[in-house]
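Visitor: With chain Y fixed as given, assemble chain V onto it according to the hints.
Number of protein chains: 2
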Amino acid sequence: MNRPAVSIAIGPTDPPPTLVEKAVLEAGAVVSGLDEAQGLIWVGDPEEFPDELPARVEWVQLPAAGVEDWFTAGIIARHPGVRFTSAAGAFAASVAEHALMLLLAGVRYLPEHLRATDWRQQDFFPHVGTLRGKTVTIVGAGGIGRALIPMLVPLGAHIIAVNRSGRPVTGPGIPSSVETISADHLGRIWPHTDHVVVAAPATPATRHLVGADELARLKPSSWIVNVARGSLVDTDALVVALSSGAIGGAALDVTDPEPLPAGHPLWKLPNAIVTPHDSNPPQLRFAAFADHVEANVKRFLDGAELLAPIDPARGY
Amino acid sequence: MNRPAVSIAIGPTDPPPTLVEKAVLEAGAVVSGLDEAQGLIWVGDPEEFPDELPARVEWVQLPAAGVEDWFTAGIIARHPGVRFTSAAGAFAASVAEHALMLLLAGVRYLPEHLRATDWRQQDFFPHVGTLRGKTVTIVGAGGIGRALIPMLVPLGAHIIAVNRSGRPVTGPGIPSSVETISADHLGRIWPHTDHVVVAAPATPATRHLVGADELARLKPSSWIVNVARGSLVDTDALVVALSSGAIGGAALDVTDPEPLPAGHPLWKLPNAIVTPHDSNPPQLRFAAFADHVEANVKRFLDGAELLAPIDPARGY
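Residue numbers (our numbering), protein chains in the order written: chain Y, 41 to 356; chain V, 41 to 356.
Pulled out of the complex, with its shape left as it was, chain Y reads as follows (with noise of 0.2 Å):
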């Protein structure tokens, strides 16, 4: 390569974090001080933000997926010539892993597997199940729904992804055989779907999405997962269909309420998978946002669209 050499600053710690700084080498730039910049990457709160950027600085990396105390705080305005990127879309992977790690767990039985003391082939052999040739429904096509899709293809499940619109879902790794429909005709899925993995936003609407209607009309073989809020799912509802064997259970990393109290009968269902909202722990976050930044500083050096953007107008 003989282009010319790219600085990037990492703020506003000193010395950066190990794991940043190798992104920014890896993908073949420099880290430079802020002064002789080109691109910025932050991993500190708004309100460290400098006033007054470098007139060399054209790109500005943020920390955060969400990032609406970044416009609170008045950064994206303050800096009109620059671009800013958040980190839409790094957290996403661990939780739509985890995300198949509990719905595999479910349909191949594992957690009664693990209460067993012998060798129970002949008992267990009629539940362990496939996701093979099953339709697993993916409420939310956000970023973990969209990381979600890839890891299921290769199993040979049927997805159908539900999103606002009803516009087919795309993306990396997503091949057309998947079927998109709109949050509207969600209604008509039930009893057709074998899974239903929930990852959507926590809104009044969605609120209570899964309840007592929606768990009578899926089979007593589905098992729903919840890695998105605790709201989108009915508690009580969900603890008399497992309860009841109406469905073949639930694997929640996420629960209503959370922290999901000591005694809650969630805790002892046998067909119940309750993790503390650890889809994601703190030093994923860290390497998945070492990654996003090695893929951004990559883009920046080849002048390619950035990952991420954020669009002063939209707010986000």
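By construction, these hints were calculated from the structure, which means they are not laboratory data.
A couple of the hints might just be wrong.
Because identical chains cannot be distinguished in the list, a pair is counted as satisfied if it fits within a single copy or across any two copies.
Stated by the list, open to error - Okay, derived cross-link-like pairs now, EDC-like style, lysine to aspartate or glutamate, Cα gap no bigger than 20 Å in a straight line:
{"no.": "1", "residue 1": "174", "residue 2": "334"}
{"no.": "2", "residue 1": "174", "residue 2": "274"}
{"no.": "3", "residue 1": "62", "residue 2": "152"}
{"no.": "4", "residue 1": "259", "residue 2": "274"}
{"no.": "5", "residue 1": "308", "residue 2": "298"}
{"no.": "6", "residue 1": "308", "residue 2": "152"}
Guide: Chain V alone, transformed into the frame defined by chain Y:
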């Protein structure tokens, strides 16, 4: 489609198994008696196979992946003008899915989560891992190994496949980024890999392939998954490594001895997962065979190369 109908017979049961009949019809063929058939799907044993086939029969699909009994019974030799196919590869997907489930459950600390009866987020955070950016070594690149690779790729794992020749593993969904090494060089891998999936045949050469020395060289976070045969892992050495925390854990669908007796330490170790050789239960085997039939009837109709052709000279 304006091509003439192709007739396929299903034997020896009458009526034929519903799933198999449906597969033939889905593929676009007609189900007929043997006298009108160009192809025969055989779901019975070698002893029941007809001594003579009508001259129109060009192709026979056998129901087993390993067809040594069919050679021994002289059936392949007796029909030199007929193409035979086995079910090799058809049953690998379920075992590969099981291996993926076991590996993810281990890496994401599911066994400990399932024992929790309260919200232990801070305790669990440091133990929740990911396959993203991690190296997974798959020992054995037969049907199971080749089915597992495309499932691991979208999770962002780096994959090392180990086969006898060291020639690059290829196949549908296997990218060129997969590293292949020969079994002779497996010794070098142990300190470098994050996790190991054992999917190689049981032979005198692979007995105790994972023993005390190999376990000692793995990382304290490494998981071993065995979906092949129990004899490939030295059980006593494994119990020592799991008890001392020398490795992260082990997830075993096969054990030595098998069945694993009640009271064996593997039933109680918190970092061991045992499933009683049920990664490919009968009902999934049946469905997988039907899928294989559908794919092969389609290929037969299209004049395409059939899956799992039997070579009379090679003996499988």
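Visitor: Please go over all the hints and tell whether each is borne out by the structure.
Guide: How the hints compare with the structure:
In the homo-oligomer, the alpha carbons of residue 174 and residue 334 lie at most 20 Å apart only across protomers (17 Å), although the nearest pairing inside one protomer, at 36 Å, exceeds that limit. Within a single copy, residue 174 and residue 274 get their C-alpha atoms no closer than 25 Å, and across copies no closer than 37 Å, so neither meets the 20 Å cut-off. Proximity of residue 62 and residue 152 under a CA criterion of 20 Å is satisfied in neither setting, with 43 Å inside one chain copy and 33 Å between copies. In this assembly of identical chains, residue 259 and residue 274 lie within 20 Å of each other by CA distance solely inside one copy; the values are 18 Å within and 42 Å between copies.
Taking the closest pair of Cα atoms, residue 308 and residue 298 come within 20 Å of each other only inside a single copy of the chain (16 Å); across copies the shortest separation is 31 Å, beyond that limit. When the C-alpha separation of residue 308 and residue 152 is checked against a cutoff of 20 Å, the pair qualifies both within a copy, at 12 Å, and between copies, at 14 Å.
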